[in-house]
Amino acid sequence: MGTQRCECSSAVASTACAPNLSAERAARLRLVGGSTQRAGDLDGLLAGIAAGDAAAFAQFYDTTKARVFGLVTRVLRDPGYSEETTQEVYVQVWHTAARYDAREGSALAWLMTLAHRRAVDRVRAEQATARRESRYGATTVDPAADVVADAAITRDEARRVANCLGALTDAQRQAIEMAYYEGLTYPQVAHRLSTSLGTIKSRMREGLRGLRDCLGAP
Amino acid sequence: MNQPSKIDLLELATPYALDAVTPTERAAIETRLAAAPAPIAHAFHAEVRAVRETLAALSATTSAEPPAALRAQVLSTVVQPARRRFGWRSTLLAAAAAVAIGLGALGIGLSMRPPATPSTAEQVFTAPDVHTTTAAISTGGTATVVYSRQHHAGVLVMNNPTPPAPGTVYQMWLLDDHAPTSAGTLGRTAIRPSTTTVLPDLANSSAVAFTIEPGTGSPQPTGAVIAKLPLT
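Keeping their order, the protein sequence lines are chains A and B. Counted from 1, the first sequence has number 11 at position 11 by the numbering used here; the numbering is strictly sequential. Just so we're on the same page, the numbering used here is the position in the second sequence counted from 1, plus 218.
Hints are computed from structural coordinates only; laboratory data are not their basis. Glycine is no exception: its CB is placed at the ideal position from the N, C-alpha and C atoms. Among the hints, erroneous ones may be present.
Which bits of chain A does chain B cover? Going by a derived footprint, with three or more residues having C-beta under 8 Å, they are [said to hold, decoys possible]:
id: 1; region: 52-62
id: 2; region: 84-95
id: 3; region: 182-194
id: 4; region: 204-215
Calculated from the model, a selection of chain A residues having no Cβ within reach of chain B, i.e. all distances over 12 Å [what the hints assert, rightly or not]:
id: 5; residue: Asp41
id: 6; residue: Ala47
id: 7; residue: Arg160
id: 8; residue: Thr169
id: 9; residue: Asp170
id: 10; residue: Ala171
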């Protein structure tokens, strides 16, 4: 178990694993994901949005929409709810972009935090578990024409991250996934797995640390 | 739990960052944080930040394109109704211009082509073994190669490169165990904010490198390497 690690192949080395590249810069280059644009671009777009620039907002949407919609869909498992929630997320971005502070983390992390919070609030409000289970996977994904290259890059990045996820223990991965994707609280996760609260918290913590180490994130 | 210790608060950082707490607990945690000693609060925030960056990276694995119609709905929510007619149009034009700067331009170009014979770029982008490698260009900008070993081909994307000085070109080289092979040159006029070039034959190269060469290029590299992208 412990021997399985992320593949720091030479292709990734330039952005993720090279020891001579500052960890922060490497993470910023990598975390922007799904695009060769750099994290600074998202920062700049958020600054534009805060100033009321609709074109910056459109570009921000185009750059990040697959990340947001993908995560929201993973949590809500319902295409209709996911579209509504995605729209709410971007409305919130439009109104709160001024609150983004690059010192507090990357723009993508800010956005995904916001998106996840909305999705989880929605799923808890709906309590439509049965419906979610049956609907997941039925989402009609519309591959927009202008994302071919981005999609290829995303796929490669997704594979790297998935390798890291695969390197966690099953127990760690399960605890993270139940909380993050199913919207369960950590006591609910502990109850479902008939495990103590302390064990669940440490599985979540250790799992995320393992993932972070594997990804080379700060 | 009535007398939660400081350690308890730190243990909650990960569940908090995962949104694995109820809204009531979230509020309680935030209240405790506000009253916590600075080192504890600092450690809590550092853990939350680290977890959130990790989760942002994790979102690459769940990425999914929304329906195209959602774009108009989302953008319409931020357009002032009073100036919708003109504002909307200029928004679209500006957005189109903005998108054209990024990789989108290449994709749109591809999609408008007849689908009969997939181009090298399309083959690369849709290949099951697609890889990417990115490096900073020392003279400015970044270079990314999207490539497929199955197709022995790649697409080079340069973002915000500085054009080479007059009388010089950027020259691309394929590196392997033997002498570098030229993979073409990019002169001043070829450089745009987003410059894309197809690398039709990567053979068994282990890296793509860039040098600055005089005139229209050299048979072998003479200038300093300004970027090197390893290929697996």
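Okay, the hints, checked on the actual structure:
Check on the region 52-62 of chain A: 8 of its residues sit with their Cβ under 8 Å from a Cβ of chain B, so the three-residue criterion for coverage holds. Note: the region 84-95 of chain A has 5 residues with beta-carbon separation from chain B under 8 Å; the three-residue rule is met and the coverage holds. Counting residues of the region 182-194 of chain A whose beta-carbon sits less than 8 Å from any beta-carbon of chain B gives 5, enough to reach three: the coverage restraint holds. Coverage of a stretch by a chain is defined here by at least three residues with a beta carbon nearer than 8 Å to that chain's beta carbons; for the region 204-215 of chain A and chain B the count is 6, and the condition holds.
Remark: the non-interface label on Asp41/A conflicts with the geometry, its nearest Cβ contact in chain B lying 9 Å away (cut-off 12 Å). Every Cβ of chain B is farther than 12 Å from the Cβ of Ala47/A; the closest lies at roughly 14 Å, confirming the non-interface assignment. Separation of Arg160/A from chain B is inadequate, the least Cβ-Cβ distance of about 8 Å not exceeding the 12 Å criterion. Separation of Thr169/A from chain B is adequate, the least Cβ-Cβ distance of about 16 Å exceeding the 12 Å criterion.
The Cβ of Asp170/A sits about 17 Å from the closest Cβ of chain B, beyond the 12 Å cut-off, so the non-interface label holds. The Cβ of Ala171/A sits about 15 Å from the closest Cβ of chain B, beyond the 12 Å cut-off, so the non-interface label holds.
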